[in-house]
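Protein sequences appear in the order of chains A and B. Going by my numbering, the first sequence opens with residue 1, and the numbers climb by one from there. Going by my numbering, the second sequence opens with residue 1, and the numbers climb by one from there.
Be aware that a few hints might be false.
[What the hints assert, rightly or not] Stretch-level coverage of chain A by chain B, calculated; a stretch enters the list once three of its residues show a Cβ under 8 Å from a Cβ in chain B:
1) 42-53
2) 298-308
3) 312-324
4) 335-342
5) 358-368
6) 420-432
[Stated by the list, open to error] Among chain B residues calculated to face chain A with C-beta under 7 Å, some are:
7) T327
8) L335
9) Y367
10) R370
Hints were generated in silico from the structure; no laboratory data involved. Every residue, glycine too, gets a C-beta built ideally from N, C-alpha and C.
Protein chains: 2
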Amino acid sequence: MAKRLVIVGGGAAGMSAASAARRVDPDLDVVVLEAGSHAAYGLCGLPYFLANVVPEIDSLRAYPPEYFREARGIDLRFEADVLRLDPARQEVHFQSGDGLDVLTYDKLVLACGATPALPPVPGIDDDHVFTIRRVDESSRLRALLDAGHVGRATVVGAGYIGLEIAEALSSRGVEVTVVEALPRVMSNLDDVIAERVEAEVRRHVEVRLGTRLRALTRQETGIDVDLDGSTPVVADVVVIATGVRPGSALGATAGAATGPHGALMVDASMRTSIPNVYAAGDCVNVNHIVTGRPTFVPLGPAANKTGRVAGTVAAGGAAYFPGVVGTAVVKVFELSVGRTGLTLDEALAEGFDAHATDAVGRSRAKYYPRSAAVHVRLVHTVDGHLLGGQMVGTGDDVAKRIDVLAVSLHAGLGVSDLADLDLSYAPPFAPVYEPVQLAAFAARPSVRSAS
Amino acid sequence: MAKRLVIVGGGAAGMSAASAARRVDPDLDVVVLEAGSHAAYGLCGLPYFLANVVPEIDSLRAYPPEYFREARGIDLRFEADVLRLDPARQEVHFQSGDGLDVLTYDKLVLACGATPALPPVPGIDDDHVFTIRRVDESSRLRALLDAGHVGRATVVGAGYIGLEIAEALSSRGVEVTVVEALPRVMSNLDDVIAERVEAEVRRHVEVRLGTRLRALTRQETGIDVDLDGSTPVVADVVVIATGVRPGSALGATAGAATGPHGALMVDASMRTSIPNVYAAGDCVNVNHIVTGRPTFVPLGPAANKTGRVAGTVAAGGAAYFPGVVGTAVVKVFELSVGRTGLTLDEALAEGFDAHATDAVGRSRAKYYPRSAAVHVRLVHTVDGHLLGGQMVGTGDDVAKRIDVLAVSLHAGLGVSDLADLDLSYAPPFAPVYEPVQLAAFAARPSVRSAS
Numbered sequence: 001m002a003k004r005l006v007i008v009g010g011g012a013a014g015m016s017a018a019s020a021a022r023r024v025d026p027d028l029d030v031v032v033l034e035a036g037s038h039a040a041y042g043l044c045g046l047p048y049f050l051a052n053v054v055p056e057i058d059s060l061r062a063y064p065p066e067y068f069r070e071a072r073g074i075d076l077r078f079e080a081d082v083l084r085l086d087p088a089r090q091e092v093h094f095q096s097g098d099g100l101d102v103l104t105y106d107k108l109v110l111a112c113g114a115t116p117a118l119p120p121v122p123g124i125d126d127d128h129v130f131t132i133r134r135v136d137e138s139s140r141l142r143a144l145l146d147a148g149h150v151g152r153a154t155v156v157g158a159g160y161i162g163l164e165i166a167e168a169l170s171s172r173g174v175e176v177t178v179v180e181a182l183p184r185v186m187s188n189l190d191d192v193i194a195e196r197v198e199a200e201v202r203r204h205v206e207v208r209l210g211t212r213l214r215a216l217t218r219q220e221t222g223i224d225v226d227l228d229g230s231t232p233v234v235a236d237v238v239v240i241a242t243g244v245r246p247g248s249a250l251g252a253t254a255g256a257a258t259g260p261h262g263a264l265m266v267d268a269s270m271r272t273s274i275p276n277v278y279a280a281g282d283c284v285n286v287n288h289i290v291t292g293r294p295t296f297v298p299l300g301p302a303a304n305k306t307g308r309v310a311g312t313v314a315a316g317g318a319a320y321f322p323g324v325v326g327t328a329v330v331k332v333f334e335l336s337v338g339r340t341g342l343t344l345d346e347a348l349a350e351g352f353d354a355h356a357t358d359a360v361g362r363s364r365a366k367y368y369p370r371s372a373a374v375h376v377r378l379v380h381t382v383d384g385h386l387l388g389g390q391m392v393g394t395g396d397d398v399a400k401r402i403d404v405l406a407v408s409l410h411a412g413l414g415v416s417d418l419a420d421l422d423l424s425y426a427p428p429f430a431p432v433y434e435p436v437q438l439a440a441f442a443a444r445p446s447v448r449s450a451s
Numbered sequence: 001m002a003k004r005l006v007i008v009g010g011g012a013a014g015m016s017a018a019s020a021a022r023r024v025d026p027d028l029d030v031v032v033l034e035a036g037s038h039a040a041y042g043l044c045g046l047p048y049f050l051a052n053v054v055p056e057i058d059s060l061r062a063y064p065p066e067y068f069r070e071a072r073g074i075d076l077r078f079e080a081d082v083l084r085l086d087p088a089r090q091e092v093h094f095q096s097g098d099g100l101d102v103l104t105y106d107k108l109v110l111a112c113g114a115t116p117a118l119p120p121v122p123g124i125d126d127d128h129v130f131t132i133r134r135v136d137e138s139s140r141l142r143a144l145l146d147a148g149h150v151g152r153a154t155v156v157g158a159g160y161i162g163l164e165i166a167e168a169l170s171s172r173g174v175e176v177t178v179v180e181a182l183p184r185v186m187s188n189l190d191d192v193i194a195e196r197v198e199a200e201v202r203r204h205v206e207v208r209l210g211t212r213l214r215a216l217t218r219q220e221t222g223i224d225v226d227l228d229g230s231t232p233v234v235a236d237v238v239v240i241a242t243g244v245r246p247g248s249a250l251g252a253t254a255g256a257a258t259g260p261h262g263a264l265m266v267d268a269s270m271r272t273s274i275p276n277v278y279a280a281g282d283c284v285n286v287n288h289i290v291t292g293r294p295t296f297v298p299l300g301p302a303a304n305k306t307g308r309v310a311g312t313v314a315a316g317g318a319a320y321f322p323g324v325v326g327t328a329v330v331k332v333f334e335l336s337v338g339r340t341g342l343t344l345d346e347a348l349a350e351g352f353d354a355h356a357t358d359a360v361g362r363s364r365a366k367y368y369p370r371s372a373a374v375h376v377r378l379v380h381t382v383d384g385h386l387l388g389g390q391m392v393g394t395g396d397d398v399a400k401r402i403d404v405l406a407v408s409l410h411a412g413l414g415v416s417d418l419a420d421l422d423l424s425y426a427p428p429f430a431p432v433y434e435p436v437q438l439a440a441f442a443a444r445p446s447v448r449s450a451s
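Taking the hints into account, I'd like the entire structure generated from these sequences.
Now the structure itself:
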């Protein structure tokens with residue numbers, strides 16, 4: 001009789017796990033239980049759907065459900081809301097259209113994703129208060145935008161998702177106010193980089209920093225957004241983008257060990273502390289290669305990769321996930337901003353004797369059209385051990401440049417190595433010295449001792 | 001009395017050496033002897049000057065001569081043509097405006113660059129036959145273009161310089177024929193990639209492969225371009241782009257050891273085999289990190305870096321150049337094409353048990369505007385040792401992506417490591433799996449054994 005792999009969650013991690021398991025073992029019974037009625041959507045694309053840069057929501061799907069069911073033979077079930085695990089009996093108990101149901105498993109993958117961390121304020125459940133994390137909710141907001149019902153919006157949270165949403169709404173002609181409890185935008189960047197981002201955001205929308213949401217009150221004319229330390233705003237819609245919490249409750253309640261941020265702890269093969277139970281995606285902590293410690297980084301690439309590893313291993317294959325280095329990139333209006341490794345703030349908090357070296361280079365040969373400034377910050381120890389980097393530039397100039405630093409962190413290269421790298425050069429694409437190399441020249445110990 | 005550093009050549013390597021030496025030792029007497037009357041020009045920009053993408057030739061200068069002389073205190077002399085070295089007496093003998101002259105040196109840096117390898121055919125010295133390697137010659141061709149005197153051009157050589165020039169001339173409305181002795185364009189790429197490039201070139205200009213230049217004959221109506229194995233062409237101008245030879249004669253005649261292609265042999269600190277004589281730039285061989293052997297790669301980044309190392313060491317500092325991995329990128333009309341490490345052909349010729357794995361990914365999330373195909377070829381051993389990579393795509397999509405492979409080669413990462421890299425992702429800039437990772441999944445040994 002075929003063994004059964006049950007996967008809880010039909011997001012990127014869950015569907016990656018299902019597909020990987022199918023590749024390893026074509027005879028395996030692979031069941032995906034998804035609480036909603038959508039699978040394999042690229043949630044990172046939702047801001048671009050709001051902006052109408054992506055006209056149709058279904059464009060965000062990796063594959064349609066029929067493809068998983070028919071071409072890949074995956075038993076993908078919608079509206080199947082898992083309520084409880086019984087690890088001793090290897091059972092999942094779930095609510096489906098037919099009432100309560102039970103499935104036994106040989107192997108289980110928890111890919112429950114993450115849920116928005118909502119501020120506990122009055123009015124947060126108003127139906128014009130949104131989080132852009134789900135397909136149905138995003139479709140509802142998009143319909144309001146398309147119908148011309150959104151003139152004013154307040155976005156709570158100035159992290160990268162909040163700024164993507166602010167840009168999307170602004171591009172639809174909405175008057176946007178961004179509200180952030182911290183004293184700066186993008187607190188996962190160092191000040192000097194975040195200030196560049198803040199200036200760009202202020203060119204397009206209103207920004208209120210150090211301001212906490214107190215209450216939302218429905219009025220005739222809209223929603224009164226009551227703020228701590230700032231005058232109230234009136235908005236037609238409010239979008240909450242104050243981060244996410246790992247969907248670890250199902251596993252934790254069944255006894256799985258959790259770590260930072262309450263996310264599930266897994267080994268490099270995505271095993272939880274419960275036998276035959278794996279976990280992947282935004283509900284787990286992964287290894288941070290720079291610190292060597294578990295970290296909660298709910299981003300798409302790790303969700304896909306950990307899902308693939310969990311599915312491979314659960315199906316009897318061998319795979320492991322070495323971890324992340326904390327790479328992220330975001331488009332903020334005309335700017336692009338990237339980071340990898342640790343910021344200076346993070347490195348100091350981790351106890352490193354860390355320093356930052358900044359340099360401004362060019363994206364192309366200085367004489368070539370569209371050559372623009374690229375600001376690089378390297379974070380490193382005084383003896384040239386690389387800890388991280390940040391970059392800010394225009395257009396497409398940053399996203400793939402930060403990858404040079406990401407690979408360097410994976411490989412343990414030092415600041416001196418960066419200066420020597422044989423990176424691609426041609427006047428239309430790059431200057432003879434990449435911006436990251438100018439920063440490396442300034443940072444490397446040998447130059448310091450020679451000067 | 002101040003010690004004297006003499007540098008032969010005012011190109012990228014020579015001026016990098018001069019500036020680096022000045023930083024290390026502010027009291028050093030730094031003399032640069034340049035045969036022409038230009039210094040520190042970015043020769044890679046010449047095709048864009050022809051195309052009028054760069055209107056003024058002086059935009060290609062890193063700095064004007066006065067800057068080197070006044071701000072950096074470098075004795076930069078033009079029209080100073082070095083004829084002979086006397087290593088025993090530490091003298092350079094040169095022709096200057098005043099006749100023959102002699103300078104003694106404490107340290108000498110040879111940065112003589114490279115010269116075009118001209119086919120030995122009749123008519124090659126016609127004044128409408130150009131090589132795009134020098135400022136004055138390029139200015140003369142540009143003036144002919146600006147005056148509308150160039151309707152038809154033949155470009156001999158379909159390497160990256162030949163194709164850049166073909167594109168530049170075509171963009172000026174010139175009817176271009178590209179002639180190449182080898183059976184394909186860009187013989188430094190594998191067939192599968194070169195064919196994509198060839199198709200793009202053929203969309204814009206005529207291409208004749210496997211066709212050797214036999215003679216150039218001046219007629220009333222233009223230059224008759226006589227070809228082996230192809231009908232003749234008539235052209236108003238002919239541009240020769242059949243590669244370069246290292247300018248190693250000065251050093252070699254004085255007894256400096258040479259290696260592949262006749263280029264000067266240097267150690268990692270740019271020392272030649274003659275005491276107190278260093279060399280840098282397009283006249284030297286450098287270490288190829290993948291093969292561990294000396295290689296002749298006359299490209300801008302290595303010229304700048306080796307110049308910097310030679311100048312630093314000659315002035316008493318410590319520096320070394322670990323070598324290159326063979327990275328190059330070029331814009332060819334709408335395409336961009338990059339390479340690093342070894343091609344499959346090169347790897348097999350080097351004796352590696354090499355394989356190639358091809359994959360086609362996307363430049364951005366598939367639903368995001370301007371998402372386009374990126375073809376990646378990985379070259380690797382069967383057990384996953386990375387030897388090189390090639391990429392072809394549109395616009396800016398390739399140049400900085402090839403750097404991921406370049407860094408991986410520097411660091412000795414394997415194919416399996418590539419699949420695990422935490423590379424930047426955001427829908428406007430990248431898909432969740434980079435094209436290089438799709439190729440890595442297909443190539444890595446663990447997947448092979450599992451399937």
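Exercise. Find the hints from earlier in the document that the structure breaks and name them by number, from lowest to highest.
Key: 8, 10
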